[in-house]
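*Asks:* One-letter residues, chain by chain:
Protein chains: 2
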Amino acid sequence: MKTPVNIAVTGAAGQISYSLLFRLAAGDFLGPDQPVNLSLLEIPPAMKTLSGIVMELSDCGFPLLRAVTTATEPETAFGDADYAFLIGAKPRKEGMLRSDLLLQNAEIFSSQGRALNAAAKREVKVLVTGNPANTNALIAIHNAPDLPASNFAAMTMLDHTRAVSQLAAKCAVSSAAITNVAVWGNHSCAQYPDLHHAKVNGAPALSLVDKAWYEEEFIPTVQYRGGEVIKARGSSSAGSAANAALQHMRALVLGTPAGDWASMALLSDGSYGVDADLVFSFPVQVTNGKIGVAQGLEINEFGHEFLLRNQRELREEREAIKHLL
Amino acid sequence: MKTPVNIAVTGAAGQISYSLLFRLAAGDFLGPDQPVNLSLLEIPPAMKTLSGIVMELSDCGFPLLRAVTTATEPETAFGDADYAFLIGAKPRKEGMLRSDLLLQNAEIFSSQGRALNAAAKREVKVLVTGNPANTNALIAIHNAPDLPASNFAAMTMLDHTRAVSQLAAKCAVSSAAITNVAVWGNHSCAQYPDLHHAKVNGAPALSLVDKAWYEEEFIPTVQYRGGEVIKARGSSSAGSAANAALQHMRALVLGTPAGDWASMALLSDGSYGVDADLVFSFPVQVTNGKIGVAQGLEINEFGHEFLLRNQRELREEREAIKHLL
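Chains P and H, in that order, are what the protein sequence lines are. Numbered per the working numbering, the first sequence spans residues 1 to 325. Numbered per the working numbering, the second sequence spans residues 1001 to 1325.
Hints were generated in silico from the structure; no laboratory data involved. Every residue gets a Cβ at the ideal spot worked out from N, C-alpha and C, and that includes glycine. None of the hints are false.
27 Å max Cα-Cα, derived BS3-like pairs, lysine-lysine: (1) H:K1121 <-> H:K1002; (2) P:K170 <-> H:K1048; (3) P:K2 <-> P:K290; (4) H:K1231 <-> P:K48; (5) H:K1093 <-> P:K48; (6) P:K290 <-> P:K121; (7) P:K2 <-> H:K1170; (8) H:K1231 <-> P:K90; (9) H:K1048 <-> P:K93; (10) P:K48 <-> H:K1170; (11) P:K231 <-> H:K1048; (12) P:K199 <-> P:K170; (13) P:K2 <-> H:K1199; (14) P:K90 <-> P:K322; (15) P:K231 <-> H:K1090; (16) P:K90 <-> P:K48; (17) H:K1002 <-> P:K199; (18) P:K170 <-> H:K1002; (19) P:K90 <-> P:K231.
A few chain P residues that don't get close to chain H, going by computed Cβ distances all over 12 Å: (20) T72; (21) E107; (22) H142; (23) V209; (24) A212; (25) W213; (26) L297; (27) F302; (28) L325.
The following label-pair restraints were derived from C-beta to C-beta distances: (29) H:G1227 <-> P:F302: 54 to 60 Å; (30) P:L208 <-> H:K1048: 30 to 36 Å; (31) H:E1107 <-> P:R98: 48 to 54 Å; (32) H:E1216 <-> P:K290: 54 to 60 Å; (33) P:K93 <-> H:T1287: 52 to 58 Å; (34) H:P1044 <-> P:W213: 30 to 36 Å.
Produce the complete structure using the sequences and hints provided.
*Replies:* Okay, here's the thing in structure tokens:
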């Protein structure tokens, strides 16, 4: 049996984590022969709820699940972490200013960045799903100077699979027939879900759907999907967000399929003219553990406008929290 | 690729189902090469929430997930079902009499039994988790006279894995080291979690733990675990119940390991002197798709008292709903 891997999850008593933890323990992340230790971070008022979740995890008798520990201190929770799912964040409340939301989250993620820097394994893979995810990830990166920035990402995988699923439904094919969808920019309604390189069973997607559908239906559907789910379900995406988090981390470990890519928000290396100090979603390839932005894609005028708009939005977010960088 | 199987889930907008559906769609039940159709039953007031869950399932782009349909009529939901997870039930509310709870649920499960009888595949496997699960299953069996009673079970798998997990923790071993735990009787606090045949790495469990622990700690911990989870988590077991439902159905499909068994509440065939017309949890073996009570186990005086107590409780439940049988 392999050595257990250490997986840290923040916001562990929340809804996304509730959908994630049982799947992590069941082997849905690293397969049926990889034991896992779970290290669960929460704020003190949520520790009682968390203790109930720990009871439930224990009640399942998962053969792969070794230690389950809980903590209220990030440095404890991230000790020797191989993987960190940063799920917890302050939600936006009625009447709250966007700048206040940014600031309150910025404090959480600067503290978590420092804790990862101090306590996690040097090769730890960190996925930020807590919103505003891109800028939270930027803060964590700045506060973890001893860890490679490429260890960090913000999650746009749910936007990616939403785009895949919308295109598959339109073309009446399985999602497995879709490749090379890309989501660019911020994990916000500004995001650019790009079908210019996408293929449906190998054929160019934009030769199969009309331009009006792509621009007027597909793009806003993907951009505003989170809000539509909240309207219908009465609470935000949890099961699908947990699934996307698993898919993101699996892509890091198993690699992306040859010729295809995933969407991940990484610290920009200047690719496609994006400012170097922004966490920006790109089409990303992972090969033999090496992660890199897919290069050489043509971006037309339409797409270029979207990239600039996302860059402006992310610059504004960065400006609001620059004292924490 | 295999032909998709049809999986019906009732109470599909509830918490247990929310933990179950994403795992069914991800292949956690029948593996990575078995496509699934999900047919989701809910009552009209829950259809909007359910529509949000359907959006989320779609958003995941699960390659194995084919059709997802919703219905408010059981006969529609169970059409050609291969598997039916009967999760929805009326919960007990403050001040509600147990007899009222039994009656209201009895009506649900008689209607669902008739619908399964009319519409499901003849080999459909039906798992009742909605409480009072044993008697609900009995009602469904009586209302589905054209289906073999052995197609139906009430879930005691969560009690079983709770027992395994408690014993594993006590002996400081992995749950994989534990075999031959049995849960007898009703899925209620009367249940008998039996370690007299259990083994820890092949050694008799009761040679490794003392009698006082077994009788005064282990048994009540397993019996009252559901309530303890509610106290801690603020809501009833969902992730662990969904996991147990998957394990139950997997045991039916893949069989139980040689020499071991699972706990399942089946229509009694008179084994161990239990009344023939009760749904009673036994140690159950599944070999080549054939399901049968593990025979020849010695039941001592201590255990016999438990079996009688469970039989009395289940007779009383049956008496309260006998007009629906």
